[in-house]
Amino acid sequence: MATMEELTTPHLPNFCPGCGDISIWSAFKQAAVKAGWDKTNTALTAGVGCHGHMLNFVKIPGFGSLHGRAVPVAEGIKLANSDLNVFVYTGDGDSLAEGTNHYIHAARRNHDITVILFDNAIYGLTTGQTSPRSPLGYKSKSTPLGNIDNPLNPLTTVIAAGATFVARVYAGDIPKVSQMLIAANEHKGFSLVDILQPCYTFNKEYTHEFYRENTYWLPETYDPTDKTAAFEKAQEWDTKKIPLGVFYKEDKPSYEQQITHMQDAPLVSKEPVVKDISTLYTKYK
Amino acid sequence: LDQPSIELHKDELTNDAGVLFDEALNFDTTSLPSGVTIFKIPLAKLVKEAGGSEIMRNTASLAATLALLDGNFEHLKDLISEEFAHKSEEIISLNHKVAKASFDYAKEKFADKIKKVLTQKENVVDQVVITANESCALGAVAAGLQFAAIYPMTPTTNILQVLAPLQEKFGFIYKQPEDEISALTMALGASHAGARSMVATSGGGFALMGEAYGLAGITETPVVIIEGMRGAPATGIPTWTEQGDLKMILGAHQGDFPRIVLAAGDAKEAFELTMTAFNLADKYQGPVVMIMDKIICEDNQSFPPFDYSDYVLDRGKYTREKEEDFQRYKFSEDGISTRTIVGSGNYFNANADEHDEYGYSSEDFDNRNMQMEKRNQKLATCAKEDMPEPILFGPEDAQVTLVSWGSNKGSILEALKVLPNVNFLHLTWINPFPVEAVKRILDRSKYVIDIECNFSAQMRGWIREQTGIKIEDTLLRYDGRPIFAEQIIEKVKKVMGEK
Chain A
575 MATMEELTTP HLPNFCPGCG DISIWSAFKQ AAVKAGWDKT NTALTAGVGC HGHMLNFVKI
635 PGFGSLHGRA VPVAEGIKLA NSDLNVFVYT GDGDSLAEGT NHYIHAARRN HDITVILFDN
695 AIYGLTTGQT SPRSPLGYKS KSTPLGNIDN PLNPLTTVIA AGATFVARVY AGDIPKVSQM
755 LIAANEHKGF SLVDILQPCY TFNKEYTHEF YRENTYWLPE TYDPTDKTAA FEKAQEWDTK
815 KIPLGVFYKE DKPSYEQQIT HMQDAPLVSK EPVVKDISTL YTKYK
Chain B
12 LDQPSIELHK DELTNDAGVL FDEALNFDTT SLPSGVTIFK IPLAKLVKEA GGSEIMRNTA
72 SLAATLALLD GNFEHLKDLI SEEFAHKSEE IISLNHKVAK ASFDYAKEKF ADKIKKVLTQ
132 KENVVDQVVI TANESCALGA VAAGLQFAAI YPMTPTTNIL QVLAPLQEKF GFIYKQPEDE
192 ISALTMALGA SHAGARSMVA TSGGGFALMG EAYGLAGITE TPVVIIEGMR GAPATGIPTW
252 TEQGDLKMIL GAHQGDFPRI VLAAGDAKEA FELTMTAFNL ADKYQGPVVM IMDKIICEDN
312 QSFPPFDYSD YVLDRGKYTR EKEEDFQRYK FSEDGISTRT IVGSGNYFNA NADEHDEYGY
372 SSEDFDNRNM QMEKRNQKLA TCAKEDMPEP ILFGPEDAQV TLVSWGSNKG SILEALKVLP
432 NVNFLHLTWI NPFPVEAVKR ILDRSKYVID IECNFSAQMR GWIREQTGIK IEDTLLRYDG
492 RPIFAEQIIE KVKKVMGEK
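Protein sequence lines correspond, in order, to chains A and B.
Counting from 575, one number per residue, gives the positions in the first sequence under the working numbering.
Counting from 12, one number per residue, gives the positions in the second sequence under the working numbering.
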């Protein structure tokens, strides 16, 4: 169990003023203190994008991976040590462009990892190009005449692939983000927390004001076990009509729970030892 | 088999060769060399009489061949039982019956033409018949493998097929990933968490792994990469052999980091070098590539059971204990810092960005220089502490030296039997490279021939880069077939005649 101070590194975030990453940083640390995530029980991975810097600002062991490759590193960590809480910091460029295949396959296999999607609908680190989440018609340095690529929906994509916990929050609501990260980590299986966040410097459309005005929480009457309803709600995106909350939740064994010979103890609970293979020779004699 | 088979292989036949086919097919054999013996056997008829199905002509021709080579029928009978163990008793006994009929027929009909090639030996030494794929997989298990992520690809697919059924008994995880990019990054994640990890692939898969190869280098994460080469580029000639991936492996990924590269020449070396690779990966905390080529990956060879009783599992500088002010990338003379695992209670960041001693991203130029020098020092340390002398077969003071690597070893050793004044430098450590020893051997020789299965003599280039020595003559082959002993003998005789 770490205190807020123990999660602090010597480096302060270098994100632009007003960046959604700063609220996510704060929300993650608050969740970590509350849920007891620390350097004895938790692993972080990150891809490439502004989000990738986050590993420098949270004192929990990290693996800073390549662009789009944070998800498979996280899978490897979880397979080797299923006792760890494993988080993936990734972005809409990182997991919906470069690493889309890993994103889909992790969901389909239901690995027990939590994917935190820093979703700002723009490439911020490379100073403002259209991302797979940018809307049609969106003008940026890479689409000066307006975007003609149909955007990819991060929620319906993983629901279709077989994800078992799919949620969306807005970065500015720090207590809610924090709460959702804890719920996602407690879920056994693949969990996605899509975090809508402004990129104040490069995305002038999706601002804090925009999200505050246009998002609403799914009502208590909404049934997150209804997959058809989840698809419908996940496709809703309009003025004052951007839903937040848990869209889909299903109880199903995680990938790691199905590896029968690893149920007593995680793989790395034992150090590797030289093995006697003489019994295997009979096949080759 | 058919008429084209006779035409295709007629030039490979010597005067004491034989050609065996079904009497009823009555092939035209006039193009065969005069001394070749024709064995016409009523295969289909024998199969039918024994009550077998048409496909059992295979068994019949195998049994007849065995008879002509004076083999022991009981061995064939056992092999049939083994091969068809997953089929019904009826299939096994029918194959036995067919084999017996054909064996007896050939033995009686051609009694005067039997050659004592497979005559039963006394005091038989127990051997294993194994491919390098299989021995590599067994070597990995023996070395304490804990995690393997392998996407199927010819010619190394059989590594995963050997590993997958063993995971419960030997306590490791085999995972089939969605692609090779995922394979290597998953293996790095598992290694980061403390598992001895490996991947295996061929050239195309390794090309996809290129990005994560350097990620292993800068994050200093141990991983063993098996690369079984085949005819390239692209899909190339996917089921044929080649040694064309050397330059790619030595140069893959942007920038500088220690790339430890080994290469096996047969199944025994594949076993031993795989075990070595795991220790080197742990000790030097990074990727270690072990290269094989198709011809050893998938072809059987016999060896006495491998002895690894002197193998000591070495995890290098490594701790799972929580330490005060732990610095994962602490500067050190030999380039190696103490490694820990996630969950140990130590903070560290395995960072793809250049980083300071804790792993925090850093663009400070003094730190950059020191981290670059620390990482790249590991190759020199490895050369000093672990690299053995290269293997030289034949007389030290031979007139001609053959230089080669990988599977050519078999053909070259075969050729050496009839080439008294020739020796053979077999390279298994590619990087670090045994510079001084290779210089000494090549300087002493009057004539050097580089033998490789690729177009551009890639090893010759590497030797020149490492030693400054330019090897003038080459024997190259890139049609997907292995170098034959006959080609080597012919080449050496020509060179010696000219001298």
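Simulated from the structure, these hints should not be mistaken for lab results.
One should not assume that every hint holds.
Stated by the list, open to error - No more than 25 Å apart at the CA atoms, straight line, and that leaves these computed lysine-lysine pairs for DSS-like:
no.	chain 1	residue 1	chain 2	residue 2
1	B	Lys450	A	Lys857
2	B	Lys328	A	Lys859
3	B	Lys132	A	Lys857
4	B	Lys180	A	Lys608
5	B	Lys108	A	Lys844
6	A	Lys857	B	Lys333
7	B	Lys279	A	Lys857
8	A	Lys859	B	Lys88
9	A	Lys859	B	Lys111
10	B	Lys108	A	Lys859
11	A	Lys844	B	Lys450
12	A	Lys750	A	Lys814
13	B	Lys333	B	Lys395
14	A	Lys859	B	Lys333
15	A	Lys762	A	Lys815
16	A	Lys859	B	Lys395
Bear in mind that the values here come from a model prediction, so they are computed numbers and not experimental data.
inquiry  = If you test the structure against every hint from before, which numbers come out violated?
reply    = Hints 1, 2, 4, 5, 6, 11, 13, 14, 15, 16 not satisfied by this model.
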